[in-house]
Amino acid sequence: DVKVTQSSRYLVKRTGEKVFLECVQDMDHENMFWYRQDPGLGLRLIYFSYDVKMKEKGDIPEGYSVSREKKERFSLILESASTNQTSMYLCASSFRGGGNTIYFGEGSWLTVV
Amino acid sequence: GQNIDQPTEMTATEGAIVQINCTYQTSGFNGLFWYQQHAGEAPTFLSYNVLDGLEEKGRFSSFLSRSKGYSYLLLKELQMKDSASYLCAGLFGSARQLTFGSGTQLTVLP
Chain A
840 DVKVTQSSRY LVKRTGEKVF LECVQDMDHE NMFWYRQDPG LGLRLIYFSY
890 DVKMKEKGDI PEGYSVSREK KERFSLILES ASTNQTSMYL CASSFRGGGN
940 TIYFGEGSWL TVV
Chain B
49 GQNIDQPTEM TATEGAIVQI NCTYQTSGFN GLFWYQQHAG EAPTFLSYNV
99 LDGLEEKGRF SSFLSRSKGY SYLLLKELQM KDSASYLCAG LFGSARQLTF
149 GSGTQLTVLP
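Residue numbers (the working numbering), protein chains in the order written: chain A, 840 to 952; chain B, 49 to 158.
Hints were generated in silico from the structure; no laboratory data involved. This list has only true hints and no planted wrong ones.
Below, simulated DSBU-like cross-link-like pairs (lysine-lysine); rule was C-alpha separation at most 30 angstroms, straight line:
#, chain 1, residue 1, chain 2, residue 2
1, A, 857, A, 909
2, A, 857, A, 892
3, A, 896, A, 910
4, B, 129, A, 842
5, B, 105, A, 842
6, A, 842, A, 894
Bound conformation, chain A alone (with noise of 0.2 angstroms):
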């Protein structure tokens, strides 16, 4: 079964905090996503990796930075955390190549208080 793990589904963090989302895949995909969702807004994709160490950012780096250290972990890290970062922060992966099937992890719920 395919799986995308994200460490921690809800989190509740202080303005300025440094922040660390993980993610693990399994199934040896290549490309890794990080993306957030808001209300009216869609899915916004920040960051995304298509190997080890490299990434590229999405349409809405600002405020975010990503590690790609091995194939199956991808972290988004939150330098200095602001209320408007508050948001549900998806984790997915798929095969290179643009038309394979993008896999999700369960989401994490990050308030920034």
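Fit chain B to the given chain A structure using the hints.
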């Protein structure tokens, strides 16, 4: 970026048929996905269309017209469990990632 447009909300009755439309800009278009997302859960894959025409999978079918920049998801014999958000997503140009619409929240009433 590319625009993907779909209605925000739809309501239908159990046992009925509903069609959820999606339009997109045709420039650089390579393919279209539909995902289903229940509240608080991850999106799950429903269909992928590259060529024109209708693809059927049980109660769900997806249609694509590349020249018109138009797709729809057809749900037949609606069940209460079909109440969910349906996401249309397009693949454009050389991009490795999808561009998502805002989603259509479908409510199935008894």
